[in-house]
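Bring the two chains, given one by one in their own frames, into a single complex with the hints.
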Amino acid sequence: MQSSLPENLIKIENNLKSLTRTRSIYSFLSIAALIAVIYSGLIVAETGNATSIWVGLPKFFDYPIDLFVGSWEYGYRWNLLLLEYLPDLISTINMALFSTAMGTLLAFFLSIFSSRNLIKSKTTVLIFRRIMDICRSFPELVIALVLLYLLGKSALPAVIAIIIHTAGALGKLFSEAIENVDKNPIEGLESCGASWFTRIRFGVVTQALPLFLTYTILRFEINIRASTILGFVGAGGIGEQLYTNIQWKYEADTIAIMFLLVSTIIALDYLSSYWRKSLIGLKS
Amino acid sequence: MNRSEIIENYSDIVVTKFSSKMWSTFLVLGIIVYLIIAILSLDILQIHKKWSPERASLFALDTYAHKDHVTMKWSEPDDIIISFEGSRWSQYVGPYQKSDGLPARYPEWTSIGSEGETKISFKNGGFANLYDDKVTIENWPDTQETLVFRLDAQGKPYVENVDNLPKWIRVTENKIEVRPSLYERVQVYSKKVEVHRYSLGWNYFWFDFDSPLEPYGIWNAISLSFSGDRIDPNISNFSLLIQEFLNNDMWHHGQILWALLETIFMALLGTLLAALLGFPLAFFAAYNVTPFKFVRTILRRLFDTLRGIDFLIWSLIFLRAFGPGPFTGIFAIAITDTGTLGKLMSEAIENTEEKQQEGVESTGANKTLQHRFGIIPQILPIFISQTLYYLESNTRGAVIIGAMGAGGIGLQLLGAINTGTSWEKVMYMSLLILGVVIFMDTMSAKVRRALIGDETLGAELQLAKMAKK
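Going line by line, the protein sequences match chains F and G. Numbering-wise, the first sequence is residues 7 to 290 according to this note's numbering. Numbering-wise, the second sequence is residues -12 to 456 according to this note's numbering.
Extracted from the complex, chain G is given alone in its bound form (with noise of 0.2 Å):
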């Protein structure tokens, strides 16, 4: 059978009319038309030009590594600070005389050499070693030599045998760069030596830096606030290792968990005031229970105008009256969700069942009797549900309202971010909002399974599903 033959016998099903054939070419050409014009003017093709992956590498690393510098100047050879991640307040060894001997705190990785040389040893087998007057570096991959750096009569930098220089090294006036991997990096300029020592992991996560539990660790510390003499004669080791917990100067867990807290409570608290306020004029928005139009249409319009104005410009003016707080972000939830859920459950009531009243009705039950046992039973499961569906998304929309202005996680994030330098710290706060996001996602998805059975099916539509029924 050709295609005449199939045209000619199957003419009712087969289309051989053009606009009736064309229509979807054309839409599609049209979106592709749309994507073209968007991609141009949202600038999409100069990406390229503005992402640099030497810049992002970077910070990746700084997000699951820390560094350890050690800075030597020129004029006061003598003097080496060795700290961690060029803190002046977390040094392991501040400006010290070498003929005092070592002091106390120093690192493992830094060693004294024959001539009297500050010796850094890195991952990758190479040493830095930092004399008076020169900086060499010996054993490092790609190069058999030991590379020799100097200052010239003018004070510029300069490496001594320059013949065969590897490409990890860029000598420019003032400045020579030795970065073989990401992991470590020696900078020498005209006034100090700087070197770069990378390490896998958060350092000083649990401790900080000055912690007296600091050189225990986290395993033995918490062993010993069970068992052993105390550490601070004045309070036990328990509350110590709290009190050293929460303080820690680097990474700040009292002040982020407090933060994460009050997020949580804004979604929670805004979630429930809304349920509170939207359930019971819901009941009044609803046909089969307000005989009065007129209440009705003014509380309709209420709930539409309420999910209208964004939780964005609702959380605006909060701002104005509460100051930045929890009090913001938990007013400018309850407020959009009591018109939402308001909404959502006037339209579940109009579509219960009208048998199970009527039989309510049957026993003499007044009007309320009647509401409570005819109707609320029926919409309670779908209540709850979509309730726990709203507080999921809320903790979301929490922590957009904190970095608006009302404070919580979303405004200490803002706030790591914007200065750019403790990326470690915006990883370890976005594992948080990631984990306690999940945590809400698959509880309230287990309850709403247990309560409802058909979890698959959007909020919307199961609405939609049952008014159909």
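Extracted from the complex, chain F is given alone in its bound form (with noise of 0.2 Å):
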């Protein structure tokens, strides 16, 4: 049978099936070198976990179950402890709302400077971006400790902290939606004798401000999340009482806060995704 084949086919089958040999190699390759990552990193958990996993794995539910009984036990008044603790949330979520808003307005600066079709300096954007790099890479937690213990306890180094990756973070997506604006605009503006700052106040802003305002949003979703923790080592807010409560073990308490945590962040990812559907169009 196979030799009444055509040569010309033969040969094709023939490639066909080094070709799936060599892909097979290869997925197999990867594949190992999957296992091999998984396994060493395993190995370096395993080193460095103070309980090993088959320990601590059964144990998985003995934390949240201890949590519900407490607050079970706690009894009716629970609720009351939402109100409680509500005051605390409004002072994280304003935290965020404030290093957002500053974060923002700081990005929309660095990123008009960052930004080749603006900026006719290849110096210039090169020094912006690179200092938006480095603003972007330190987790908010280094700059953060480093502030509280040169400021003391309070919210404010936590917003600088903020403040500081924000303006990284959202001026390097600014600067590519900058980028990526329609030159039409730009340049009728230009023939026109319309300055830099009209260029730019018309050209790029208008059509960039939808794809900013949904960075932005989501933006405002991360930081919430990044204040909490912000919180945790002494900035104050949800995060500190989340963090007290754990210590004391008052676990109806910290049911309460983790409840409200939660609720918050989730009402704001809904908001947000409905936000940024509609911004961009998405929504019939």
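Careful: at least some of the hints might be erroneous.
DSBU-like cross-link-like pairs, simulated, lysine-lysine; straight-line CA separation at most 35 Å [claimed, not checked]:
| # | chain 1 | residue 1 | chain 2 | residue 2 |
| --- | --- | --- | --- | --- |
| 1 | F | Lys65 | G | Lys280 |
| 2 | G | Lys342 | F | Lys23 |
| 3 | G | Lys162 | G | Lys143 |
| 4 | G | Lys433 | F | Lys128 |
| 5 | F | Lys159 | G | Lys162 |
| 6 | G | Lys36 | G | Lys179 |
| 7 | G | Lys280 | F | Lys283 |
| 8 | F | Lys159 | G | Lys154 |
| 9 | G | Lys54 | G | Lys178 |
| 10 | G | Lys162 | G | Lys110 |
| 11 | G | Lys342 | F | Lys17 |
| 12 | G | Lys60 | G | Lys106 |
| 13 | F | Lys23 | G | Lys354 |
| 14 | F | Lys23 | G | Lys433 |
| 15 | G | Lys433 | F | Lys126 |
| 16 | G | Lys37 | G | Lys179 |
| 17 | F | Lys159 | G | Lys54 |
| 18 | F | Lys283 | G | Lys354 |
| 19 | G | Lys162 | G | Lys54 |
| 20 | F | Lys159 | G | Lys37 |
| 21 | F | Lys283 | G | Lys433 |
| 22 | G | Lys36 | F | Lys159 |
| 23 | G | Lys162 | G | Lys121 |
| 24 | G | Lys60 | G | Lys154 |
| 25 | G | Lys143 | G | Lys121 |
| 26 | G | Lys433 | F | Lys189 |
| 27 | G | Lys106 | G | Lys143 |
| 28 | F | Lys283 | G | Lys342 |
| 29 | F | Lys255 | G | Lys37 |
| 30 | F | Lys159 | F | Lys255 |
| 31 | F | Lys17 | G | Lys354 |
Covered by chain F, per the in silico footprint, the following chain G stretches (three or more residues, Cβ under 8 Å) [as the list claims (entries may be wrong)]:
| # | region |
| --- | --- |
| 32 | 243 to 252 |
| 33 | 310 to 320 |
| 34 | 414 to 425 |
Treat the hints as calculated values from the structure; they're not laboratory data. Where is the CB? At the ideal position from N, CA and C, for every residue including glycine.
Here it is, written out as structure tokens:
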């Protein structure tokens, strides 16, 4: 049967076979590499961890069960705790909102100076990009910890840290959005003698504003999480309350705070995805 | 053409209605009012009261410079201690008798003067001389005179020639502080004299104070490790080099690099696990693969819950189960990102083109093969690029989880900051973290660009763009 096939078909057949073989060798190698990474990672984790995974896994539900039992014993007044911690939640949201607003403002200026279609000087663009890279790469926590040490415990260090990080992260996205705008409106404005500021105001901002807003809303959601975490290390707000209550083993309070946090985050998640979709015109 | 004519001629595009013209003004006003309230409530105006530039510049100096201490007690002027960073464990010169001659390890900036005094030379050309009964500073900038500090009858320090004291000398009741610049400092107390001499750089970074390789320096040590006689007869020079570097008592390289490795593995394994869990689950949550609405709804809500309970709370729960260590971080990241990746991927699967699947179906392939060759090739690039995107942001996240108690470089950093003395180590670890994050960032951006090409759009917008198609 094989011999009856024309020669070129046999060639194709052989070629296909060898290709399939190479392919399966490649996928085998990548799977092997993946397994090696996971295995060595587990070894690193196993040596570094206080409790072995096999001891820890069965205990996974201990803490959640403790929490629920504790708040069950607390009784019907539990829902009043939600009210008690509401001001802390609001102060955390306030921190996030203020730093998002300030960070966005900073990011806007940074992004203008790091967009190649607005700034002719290559060095300026490069310098501003590096500034943004560094702002973005430092985790907020590192900046916040250093500032907390220098300024003492208050919301201020956290706000500064989040502003710095937001400026870097949003600045990069903003400048990409600016570089992607249609050139024609800018050229049109230039042709009728518009100044640099007018060109940016009517040529760039009008085009990039939906994207700017989308990114900002997304960032606000991230910043709420960040300001909660920074509360843990002493910036106040609901994060600090959560930390203290966990330390004191007040299960009912812990659950109440977790409930507030999770419902805020989920609500914001839905709200922001709704806003974002309506901004980029997905919602019909 | 004047204003009224324009309004008349272009009434369809010129806005004259007050409310539609003013809403943006009110919006801006509202934002300004909020900002003022926020600035007041967050105490931003108080920043100048809390910020002490002196303290901050001292800490900043500590991140890139090191200091040597010279201490002399008035009661035992013979026992001069010269040490690195004032540590008891790294003394160039311990308490010694001058009559015994110079000890072996005398720093080159110290010498013994003609009257037996210890001379300390500074970078600004000045000297501080420690005599048995007085301390003098000579040849310092802004002053021609040699200033002499002594103890009076009550045992309080005073300056002998007081008439024109430079501004950088502060005399209080129990202490005289001489600090012309950040780099030199002489403190005269009633009990002792302490001289700090700063120099740039991270000293003993490669090998610690007591290391046998310290006198060689890093480059000589490296060349010695390939040729030359054994320094320690028991092990080869190369092993000695590695061992001495990792066991550096001042910088704790071994500990820090291990912690960094833990953090990287936390991010890597967490993301990998999330990808391995989220990818299959995404198929069950997509309507064009799973016909059962019940299963889809449950999975969707599961994804939302996993994502909504922040990784902070997950890490707290896992911390109780596994104790401090990488597992906590791995599972916290894995669980949160299973939700995120699952949601994103199920949306991507729903937005794939049907034609390719139909094509595979027309060859008589069953459902599994249809999904394998009709859907997976379409979403694989997005899946990989999304995973890489999350890998990068999880590297930052792993540092944070580490500081919450999961260990790794985050915890080391928290410890170094809270001691408040080893700012050079804080700097070192920050630079390590920065390097790893930038490396991950560039790598994942490169791979993503190669896979998708449209790097400029953020994660969710890429999906939105696909959905529009």
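Keeping to a limit of 35 Å between CA atoms, is the pair of Lys17(F) and Lys354(G) held or broken? holds, 32 Å
Check, residue by residue, whether the region 310 to 320 of chain G contains three or more positions whose beta-carbon lies closer than 8 Å to a beta-carbon of chain F, and give the verdict. Per the Cβ count (7), the hint holds.
Holds or violated: Lys162(G) to Lys110(G), with C-alpha atoms at most 35 Å apart: Holds, because 24 Å separates the two Cα atoms, which is no more than 35 Å.
Is it true that the CA of Lys36(G) sits at most 35 Å from the CA of Lys179(G)? This hinted pair holds, its Cα atoms lying about 33 Å apart.
Given the proposed pairing of Lys162(G) with Lys54(G), does the C-alpha separation stay at or below 35 Å? With a Cα-Cα distance of about 20 Å, the restraint between Lys162(G) and Lys54(G) holds, given a limit of 35 Å.
Pairwise hint evaluation, Lys23(F) against Lys342(G), where the allowed Cα distance is 35 Å at most: Given that 35 Å is the threshold and the Cα spacing comes to 28 Å, the pair holds.
Are Lys283(F) and Lys433(G) close enough, with their CA atoms no more than 35 Å apart? holds, 28 Å
Between the alpha carbons of Lys60(G) and Lys106(G), is the straight-line distance 35 Å or under? holds, 16 Å
Against the 35 Å threshold, does the CA-CA distance of Lys159(F) and Lys54(G) hold or violate the hint? holds, 29 Å
Annotated coverage of the region 243 to 252 of chain G by chain F, confirmed only when three residues or more have a Cβ within 8 Å: holds (count 4)
Would you check chain F against the region 414 to 425 of chain G, counting CB to CB pairs closer than 8 Å, and say if three or more residues qualify? holds (count 5)
Pair hint Lys159(F) and Lys37(G), alpha-carbon separation not exceeding 35 Å: Since the Cα atoms of Lys159(F) and Lys37(G) sit roughly 10 Å apart, the hinted pair holds (cutoff 35 Å).
When each numbered hint is compared with the structure, no violation occurs for any of them.
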